[in-house]
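Going line by line, the protein sequences match chains D and B. Heads up: the first sequence at position 158 corresponds to 159 in the working numbering, and the numbers run straight through without jumps. Heads up: the second sequence at position 125 corresponds to 124 in the working numbering, and the numbers run straight through without jumps.
A few of these clues could be false.
[What the hints assert, rightly or not] Covered stretches of chain B (in silico footprint by chain D; criterion: 3 or more residues with CB under 8 Å from a CB of chain D, positions within the stretch not fixed):
id : region
1  : 10-20
2  : 96-104
3  : 256-268
[Claimed, not checked] Not close to chain B: a few residues of chain D, all C-beta gaps over 10 Å, as computed:
id : residue
4  : Arg38
5  : Val132
6  : Glu304
[To be verified] Computed far set for chain D versus chain B, every beta-carbon distance over 12 Å:
id : residue
7  : Pro37
8  : His129
9  : Asp196
10 : Gln320
Read the hints as simulated data drawn from the structure, not as lab findings. Note that the coordinates shown come from a computational prediction; the quantities given were computed from them, not determined experimentally. Just so you know, even glycine gets a beta-carbon here, dropped at the ideal spot from N, CA and C.
Residues per chain, in single letters:
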Amino acid sequence: MNRSYADVVVVGSGLIGLAAAHELLGRGMEVAIVGPRTGVHNGQASRAAGAMLTVFSEVESVHPEARVRLEVGERLAARDAYDEWLAGINAASGQEVALTQGVWVIANGTGENDSDELTAIARAAKMHGHVAELQPATEVPGLAPKERAYNALWLPLEASVDPRHLVDALAAILHAHPQCRWVDSRAVRVREQADHLVVDAADGSSSLAAHLVLAAGAGTTADIVEPTLAERISLPPIVSGRGVSLLLRAPFALPSAVRTPNRGFACGSHLVPLSDGRVYLGATNRLSTEPDYEAGATLDEIETLIHDGAAELNSGLRQATLLAAMVGHRPVAFDHLPLVGTTQHPTVHIASATYRCGVLLAPRIAKIVADGIFGPGSHGDHPYRPTRTMEPPDLKELLDTASRGLVDLICQPGGRLPPGSDDLLARLLRVLLSEVSESRTARAAVMQRLWARAPMDECIPLLMAAVSRS
Amino acid sequence: MSLTTGRHGQAGKRVLPAGRGNVLSTLATTPRGEVTATFTFRGKELSIAVHNPDEVFVPTDVGLSLLAALDQERGPDLSGVRVLDIGCGSGLYTVAMLAAGARHVTALDINPAAVLTTVENVVRSGFDAGQVDAVCGDLDTFVVEQPWDIVICNPPHFPYDPAYAGRVETDMALIGGLDGRRLYDALLARIGDLLAKDGSLLLAHSSLTDVPRTVATLEAVGYEVQMLETCELDIPMRKYAEHRDALLARLYELRTKGCAAFTGLRFSVHALAVTRPRSSGQES
Numbered sequence: 002m003n004r005s006y007a008d009v010v011v012v013g014s015g016l017i018g019l020a021a022a023h024e025l026l027g028r029g030m031e032v033a034i035v036g037p038r039t040g041v042h043n044g045q046a047s048r049a050a051g052a053m054l055t056v057f058s059e060v061e062s063v064h065p066e067a068r069v070r071l072e073v074g075e076r077l078a079a080r081d082a083y084d085e086w087l088a089g090i091n092a093a094s095g096q097e098v099a100l101t102q103g104v105w106v107i108a109n110g111t112g113e114n115d116s117d118e119l120t121a122i123a124r125a126a127k128m129h130g131h132v133a134e135l136q137p138a139t140e141v142p143g144l145a146p147k148e149r150a151y152n153a154l155w156l157p158l159e160a161s162v163d164p165r166h167l168v169d170a171l172a173a174i175l176h177a178h179p180q181c182r183w184v185d186s187r188a189v190r191v192r193e194q195a196d197h198l199v200v201d202a203a204d205g206s207s208s209l210a211a212h213l214v215l216a217a218g219a220g221t222t223a224d225i226v227e228p229t230l231a232e233r234i235s236l237p238p239i240v241s242g243r244g245v246s247l248l249l250r251a252p253f254a255l256p257s258a259v260r261t262p263n264r265g266f267a268c269g270s271h272l273v274p275l276s277d278g279r280v281y282l283g284a285t286n287r288l289s290t291e292p293d294y295e296a297g298a299t300l301d302e303i304e305t306l307i308h309d310g311a312a313e314l315n316s317g318l319r320q321a322t323l324l325a326a327m328v329g330h331r332p333v334a335f336d337h338l339p340l341v342g343t344t345q346h347p348t349v350h351i352a353s354a355t356y357r358c359g360v361l362l363a364p365r366i367a368k369i370v371a372d373g374i375f376g377p378g379s380h381g382d383h384p385y386r387p388t389r390t391m392e393p394p395d396l397k398e399l400l401d402t403a404s405r406g407l408v409d410l411i412c413q414p415g416g417r418l419p420p421g422s423d424d425l426l427a428r429l430l431r432v433l434l435s436e437v438s439e440s441r442t443a444r445a446a447v448m449q450r451l452w453a454r455a456p457m458d459e460c461i462p463l464l465m466a467a468v469s470r471s
Numbered sequence: 000m001s002l003t004t005g006r007h008g009q010a011g012k013r014v015l016p017a018g019r020g021n022v023l024s025t026l027a028t029t030p031r032g033e034v035t036a037t038f039t040f041r042g043k044e045l046s047i048a049v050h051n052p053d054e055v056f057v058p059t060d061v062g063l064s065l066l067a068a069l070d071q072e073r074g075p076d077l078s079g080v081r082v083l084d085i086g087c088g089s090g091l092y093t094v095a096m097l098a099a100g101a102r103h104v105t106a107l108d109i110n111p112a113a114v115l116t117t118v119e120n121v122v123r124s125g126f127d128a129g130q131v132d133a134v135c136g137d138l139d140t141f142v143v144e145q146p147w148d149i150v151i152c153n154p155p156h157f158p159y160d161p162a163y164a165g166r167v168e169t170d171m172a173l174i175g176g177l178d179g180r181r182l183y184d185a186l187l188a189r190i191g192d193l194l195a196k197d198g199s200l201l202l203a204h205s206s207l208t209d210v211p212r213t214v215a216t217l218e219a220v221g222y223e224v225q226m227l228e229t230c231e232l233d234i235p236m237r238k239y240a241e242h243r244d245a246l247l248a249r250l251y252e253l254r255t256k257g258c259a260a261f262t263g264l265r266f267s268v269h270a271l272a273v274t275r276p277r278s279s280g281q282e283s
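Just chain B, with the same shape it has in the complex (with noise of 0.2 Å):
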């Protein structure tokens, strides 16, 4: 797999085979219902438990495509870096970016459950309790006392619609309101706010949600936007499966608008990376 060699240039591809979830982990379940994902990221095995996969999610194949990109040394430095996991869920980044040598990570979820997950995997996983701040909270009201080295999400990217969501924690997990924006629009709101001068925001931008609006907002105000890799894979209906006529009718209108790439039932993740240029003298 290539490696990235300019802001849009020659990105890795990476694809997925059609009809089979969870290509990029190996998924167990215990009788007592509790699913372990087990990957490998820098070198090292590590593995996240869900006791409650109604409430919090599994890691998918979206959110493993952006360590699969960084994987093997690719992307930033990551030692001795402090990290915000931005929507942490089961704590899949936050253990992935302690064992590839961070420092601190704080992690946020709007989900109670999701934070209490990602403490438990981080213990699990070995590291010091100590090491993390698991807050739970909106980003939109998140207090920020100093900005962070590394800025790592995977926002939800389905529009909403009223036929399939409801009000359950893992729909907020998914749905990103009308346009399945609404996480990646606060995050680009305060990114300015959230990235120390020389940080990173590493991004799994879904291509349901617009990427090359993402990638003009961040240019216009003077981030550079590298592509990492693209992983093309299957739209994850899961649960939603039931409701997919609705969900492909809406998403079928955000595509007309050009504000959605898709075919069938196959999307791509983008794994981007957004730096300030280090030659620039700006403000951050």
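Same shape as in the complex, but just chain D (with noise of 0.2 Å):
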């Protein structure tokens, strides 16, 4: 039996467990990964991903002051970091990651009020002593869209990072740490042997070690985790925010990277500068329960993304050249926040649901992880943790606020009803959605599970998709 000891046995091999393994191995520990290194890596969403730092712009005007603070707090200690983080992975490896400095946030008519996400924004820099400068649009190199852009917001805190080149530089460093032991297969199985922690891997290897690093993103580690040893983690449900985005080739400049602000569902538009000329354009997001890595993009997802692309970002891309379509699986907790620390099990971690800004928060959830095992409960009362309580929203509130996002939804990409139409159209499906969830109908039924599955904004879609073909 091929069998192996370590101190930690990290799950996933994507930047996150990467990142984490980084950081633990620099302490001293043997190591073990669990997850492919070699291949082409369906639906991961670190190398799909647009990896934009935002610090700020991923803030809502809808969220609360409350969770601005948090969330921002976390990400700006993950910025702060990051510099450094980044010189000692380029030291190490030999490679040149670069950081492409500030991101643009642009308002236009799209939204249902781009301004007040622009506001937001740029107060929650403001309230972090940070610059954000607001400029307009017509300075934005690499703006040219279809509809004008009526102001924008400059970010230089932020900045961007091609994900692939930083995932390929950690994974060069692990695969030739001499403390490391990277089994290039899928886990299959995660148990326990008397008081280890074991990972089965595809490929008939067994990995032991005395703690466990959950990594493995949506929805993949929930089957392969026995069942007594689950119960015991107790590990709330992550689900997918599967996201489609175009490698391309640009027939404009792009310094910076450029985006829109958050849009209901979806995390909006936005394009980031790679190097050779090349760019990044990103992303739809749409909620998946049980992910399926090896689907495709859909046509229907890159019309979508072409279409918003050029409308709100720069015309220019419909003679930009298609280098690739990707596919990410964004994991992602029923309240958006990350999954980061000890588990109910004393050596069972997590570091996963980070949705949109797993790049950013690398870094910090490594040392987060790290911690935690050298310092039981250092970090005991952290936002993050997998233990904390989660409130479900409210169904009937949240279809009272969703049903505008919804007639957007409906009209993709880029139609509109004529003024008044669209009202009625939201009021029809708030009233709809509402009374069908309330009812006791086969389709009540459907939507109930659903939602049980997955009690979350993203979910309303599934739910009109859902309810519409019971």
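Both chains are sitting in their own frames, so use the hints and assemble them into the complex.
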């Protein structure tokens, strides 16, 4: 039997898992990683990410102040550590993974009220002592949309990076590290053997360790943990926000990333500069409780991206050449906060559910996980702790506010209803969906079951689709 | 299994499987809760019984690994020797030494229940209770009348942490102060008094408690240390499994300082035989 011992076994070989392994190795641990090292990595969030370091630009006007302070505080801590972390990775790997400084957030008429969003983002930046410069949209290089933007916010603290280059550099370090054993194979089972935690891989190997770090992203870990262990770990569910993005060779210059604010259930459109005249165009966001990692991008998803990108960011995109279409499954918990730290089981730790901020949070998360292993309880009241209670939102209340977003979704890409009709449709959707959810029909049962599996904003479009199909 | 060829020469290595306790003995539990551990030592089948396993430890693979290293006539000659069994526990070493031909054993333990259990097992194994002096006390204050030919010990080895250490007797058997070395250091401080001129110290030395430091300390005052065998096995979390995160955190601190050797939940027990060199004319 092919068996090895390590201090910590990490399940998952995306950016978060690799960052955690790297941090632990730096503290003298023997680390085993179980997850693909070679191969195409279909569906992996890390390699499909836009990878903007969005300290402030993920803030939405509907977020209460407490939530903004919490999330921005953590993202700022991550940003503060980022340059040094990246320099260490470059030094150890001999690579030059670079940050491109700054992110532009633009406001146009597509969103319900982009002005409010920019105001909220600017307030978050200033609240934490950082610059947010309001500029005319004409000042944004690379911005030439069909639909004119009326304002732009420049965030110099934010940045963007090529996540594929970053992951490759980290992978090179770990692959060569004498205290790292990387099992280049999918984890198929996680169990206990006396006090050891054991990860069995598809290649027949077993890795035994004192500690386990689950960093395998959306929906992939739940099925492989042996039931009694899973019950002890008591992990909150993680679902997937499936994102499609495009790698392009653009006919225009793009010195810094340009993005819209978050829009409803989606994360808006964004263009991110890469090396050699390439750009990244992202991204769709569709919730899935059972992500299919092998399902490629559909034309519908690609069409939405192209339409929104050309309409809101740069109409020159229609002349861009397609290099690749990518799919990534963003792991997300019901309350949208990451799951980081020690679970109910004292030697099982989670590092996941980073949703849209994984690339930014990676060094911070790695530190929290390692701190929790070397000093148990050290992050015992951290807002990302997996043992926190989550209050599910009230479905009816959510339907009240979500209906306008549903109309936008129905009218995608880019279509609009005549004035008055969109309000009518929104009210109608709200009434109908609320009535169905409270009735005792088969449709109601379908709705309630789906809601139970993903009680969050992003489930609303799925509920609408499910009800219409029943 | 090859014999040792020198001080730190090619000592044999024994590897116990992961995830299974009590490999080196066969355990049986009676309906009344008495546990017996049966094993073979130097051709004899021996059995140790503990009727109160919450108060006195049933023999463990850690303790038994020293006997395994001494099996097949390895280590010093045991016929007719006088033995000091420090931390006698259930009487494992006391009984084994008598079975191997020892003349007399002084069995010392801080836990009065252990002292009683040791005598019970001596009698149960068919030996004369007169061959044993069972003493309840601490090594630091223990009075030596005549140094012994054999001093044998399996000291506690876990570092102290309030998360898991109470004042229970079995804690005393497992925890050795802040760095785990309390009894090791106490033993080293008194070895000159305890060991007769041509005597041997037989030590089950945990890799969690800085084997190199013990070896260096002994060699610095002229002792010869022979590594009979190393046994690789699981760290026996036992009742500390609930607080294994705290125990491991303490061990990581020690390991960072170079004072503990282990990987994951695997560590080693080094069976050491310590003597004064025969050629030396040094005073004991």
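Now for the hints, and whether the structure bears them out:
1. Against chain D, the region 10-20 of chain B contributes 4 residues with a C-beta closer than 8 Å to a partner C-beta. That satisfies the three-residue criterion, and the hint holds.
2. For the region 96-104 of chain B, the stated coverage by chain D is not satisfied: 0 residues place a CB nearer than 8 Å to a CB of that chain, which falls below the threshold of 3.
3. Interface restraint, the region 256-268 of chain B with chain D: holds (4 residues with C-beta to C-beta distance below 8 Å; minimum three).
4. For D/Arg38, the non-interface assignment is confirmed: its Cβ lies about 21 Å from the closest Cβ of chain B, beyond the 10 Å cut-off.
5. Every beta carbon of chain B lies more than 10 Å from that of D/Val132, the smallest distance being close to 41 Å; the non-interface claim holds.
6. Every CB of chain B is more than 10 Å from the CB of D/Glu304 (nearest about 50 Å), matching its label as outside the interface.
7. Residue-level check passed: D/Pro37 sits 23 Å from the nearest beta carbon of chain B, beyond 12 Å.
8. Taking the minimum C-beta to C-beta distance to chain B, about 33 Å, the non-interface status of D/His129 holds against the 12 Å cut.
9. For D/Asp196, the condition that its CB be more than 12 Å from all CB atoms of chain B is violated, with the nearest at approximately 5 Å.
10. For D/Gln320, the condition that its CB be more than 12 Å from all CB atoms of chain B holds, with the nearest at approximately 56 Å.
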